[in-house]
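A.B. asks: Chain by chain, the residues run as shown.
2 protein chains.
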Amino acid sequence: MTASPAPTAAMIAIGDEVLSGRTKDKNIGHLAELFTLAGIDLKEARIIGDEPTQIADTVNTLRRAYDIVVTCGGIGPTHDDITADAIGAAFGLPVGEEPEALRRLAASYAERGIEFTEARRRMARMPEGATLIDNPVSVAPGFRVDNVFVLAGVPSIFQAMLDNVLKELPTGVPIVSAALDCRFPEGDIGGPLREIQKSHPGTSIGSYPRFDGTRHSTELVIRSRDAAALEAARQAVAAMLADFEAKSAS
Amino acid sequence: MTASPAPTAAMIAIGDEVLSGRTKDKNIGHLAELFTLAGIDLKEARIIGDEPTQIADTVNTLRRAYDIVVTCGGIGPTHDDITADAIGAAFGLPVGEEPEALRRLAASYAERGIEFTEARRRMARMPEGATLIDNPVSVAPGFRVDNVFVLAGVPSIFQAMLDNVLKELPTGVPIVSAALDCRFPEGDIGGPLREIQKSHPGTSIGSYPRFDGTRHSTELVIRSRDAAALEAARQAVAAMLADFEAKSAS
Numbered sequence: 001m002t003a004s005p006a007p008t009a010a011m012i013a014i015g016d017e018v019l020s021g022r023t024k025d026k027n028i029g030h031l032a033e034l035f036t037l038a039g040i041d042l043k044e045a046r047i048i049g050d051e052p053t054q055i056a057d058t059v060n061t062l063r064r065a066y067d068i069v070v071t072c073g074g075i076g077p078t079h080d081d082i083t084a085d086a087i088g089a090a091f092g093l094p095v096g097e098e099p100e101a102l103r104r105l106a107a108s109y110a111e112r113g114i115e116f117t118e119a120r121r122r123m124a125r126m127p128e129g130a131t132l133i134d135n136p137v138s139v140a141p142g143f144r145v146d147n148v149f150v151l152a153g154v155p156s157i158f159q160a161m162l163d164n165v166l167k168e169l170p171t172g173v174p175i176v177s178a179a180l181d182c183r184f185p186e187g188d189i190g191g192p193l194r195e196i197q198k199s200h201p202g203t204s205i206g207s208y209p210r211f212d213g214t215r216h217s218t219e220l221v222i223r224s225r226d227a228a229a230l231e232a233a234r235q236a237v238a239a240m241l242a243d244f245e246a247k248s249a250s
Numbered sequence: 001m002t003a004s005p006a007p008t009a010a011m012i013a014i015g016d017e018v019l020s021g022r023t024k025d026k027n028i029g030h031l032a033e034l035f036t037l038a039g040i041d042l043k044e045a046r047i048i049g050d051e052p053t054q055i056a057d058t059v060n061t062l063r064r065a066y067d068i069v070v071t072c073g074g075i076g077p078t079h080d081d082i083t084a085d086a087i088g089a090a091f092g093l094p095v096g097e098e099p100e101a102l103r104r105l106a107a108s109y110a111e112r113g114i115e116f117t118e119a120r121r122r123m124a125r126m127p128e129g130a131t132l133i134d135n136p137v138s139v140a141p142g143f144r145v146d147n148v149f150v151l152a153g154v155p156s157i158f159q160a161m162l163d164n165v166l167k168e169l170p171t172g173v174p175i176v177s178a179a180l181d182c183r184f185p186e187g188d189i190g191g192p193l194r195e196i197q198k199s200h201p202g203t204s205i206g207s208y209p210r211f212d213g214t215r216h217s218t219e220l221v222i223r224s225r226d227a228a229a230l231e232a233a234r235q236a237v238a239a240m241l242a243d244f245e246a247k248s249a250s
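These protein sequence lines map, in sequence, to chains W and C.
Each residue of the first sequence is one higher than the one before, starting from 1 at the first, in the UniProt record's numbering.
Each residue of the second sequence is one higher than the one before, starting from 1 at the first, in the UniProt record's numbering.
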């Protein structure tokens, strides 16, 4: 993977249990935070079901559109774990037992005196040529094919694997941000804020309303890859808020 | 919208703040639960940024693929609220102030003695021909164009709007489910479970591993639109688990 000032990425969370609402995804938010710190632009995230064609089509669309694709879910030992085969289909690669993955699994189960069942052997299945992603939590590795990183869905395992993936990834110029709490509603500040955004094109200014049931408030977040541009926009927003404070006090 | 035994749906959460990890999406999980109860199949969910082209392209792809599309986010009064214009672009419709929305907003701000600013008027902007989705929390309505339902991103407002949307939607035959806790790891039960799935084609059996840092356990979930098929599969899984219990006791 070549270095880039701002690598782009997409994430795919795979699992019927997320689409049914039974499981609430935690992996997308975790990856989003880490990628932001690493200067990698997460451009989209998709949650899809345990459907071979949907998985393969989604992987193919996203791996061509972005520098990095991370998937989670569907690499365990049961019949509904079909991600490895779907990734093989996406790349047109045969899928079989990867020798080093098989060795690690066999050794781990032998050491623990647990039977190495046919179901457990499935966790060594990967597309030909895949490289392993270490799993320090529960041994069964994830894998990488080209720019696609295939990780487990259980959050503790996903997070441990992602730490290993991050070591291999190109990092970008991190986006720095400044947040200002604003006690005035969006409808009051919307006009002036639009003018500030126009005159600070190197920044992205977001306005995030909150509503606690009785009162609206707003968090204003300025983001930029350029610290000086960030600071200039932050000062402009702070000055606008001071104006509103002065007006509301008078 | 025509009734269907199992309407299909997709959800789009719009917002840079979710992709940066600053905000954790709660709306997808909420919609997933409600749609499951209503017998509507949520087939995928996407999180995308505040990018007009990305929003329009995503809406166009999903509204053609599924019966129902729900979006959240980007319909407030500030410059980064661009969803209404992006939906207009997706449908090739002009976007302007919707009279009834404008009337509701003007009346609400007049009543509260709050200035009806240019920024606040933006919340009346909708594609021509859109119908309103009531907002009992903070007045500014969402809207519907064809099979696309455009809702607010703030969770309390999203949820209130979604309750109103659900009244208009076709419901399907609800999927019923049964969950069994399994103290045996997936690698032990994987083989027999696969056989049970094969002999119960009217059901979908999911195996969801959990790992608490020291011990693996598994939740087995059987889902079906047919109560008798569900019960038959549940009994087969329960019998398998009883076998494992007997073996582990001996």
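Hints should not be assumed to be uniformly reliable.
Same chains, same label: a pair holds when it works inside one copy or across any pair of copies.
DSS-like, lysine-lysine: derived pairs with alpha carbons at most 25 Å apart [what the hints assert, rightly or not]:
id, residue 1, residue 2
1, Lys43, Lys24
2, Lys167, Lys198
3, Lys43, Lys167
4, Lys43, Lys247
5, Lys26, Lys43
Simulated from the structure, these hints should not be mistaken for laboratory data.
Bear in mind the structure is a predicted one, so any value in this text is a computation, not a measurement.
A.B. asks: With reference to the structure, classify each hint as holding or not holding.
C.D. replies: Going through the hints against the structure:
1. Lys43 - Lys24: Result: close both inside a copy and across copies, 21 Å intra and 15 Å inter.
2. Lys167 - Lys198: neither (37 Å within a copy, 41 Å between copies)
3. Lys43 - Lys167: within (20 Å within a copy, 33 Å between copies)
4. Lys43 - Lys247: neither (39 Å within a copy, 50 Å between copies)
5. Lys26 - Lys43: Result: close both inside a copy and across copies, 17 Å intra and 19 Å inter.
Hints 2, 4, counting from the list given before, are not met by this structure.
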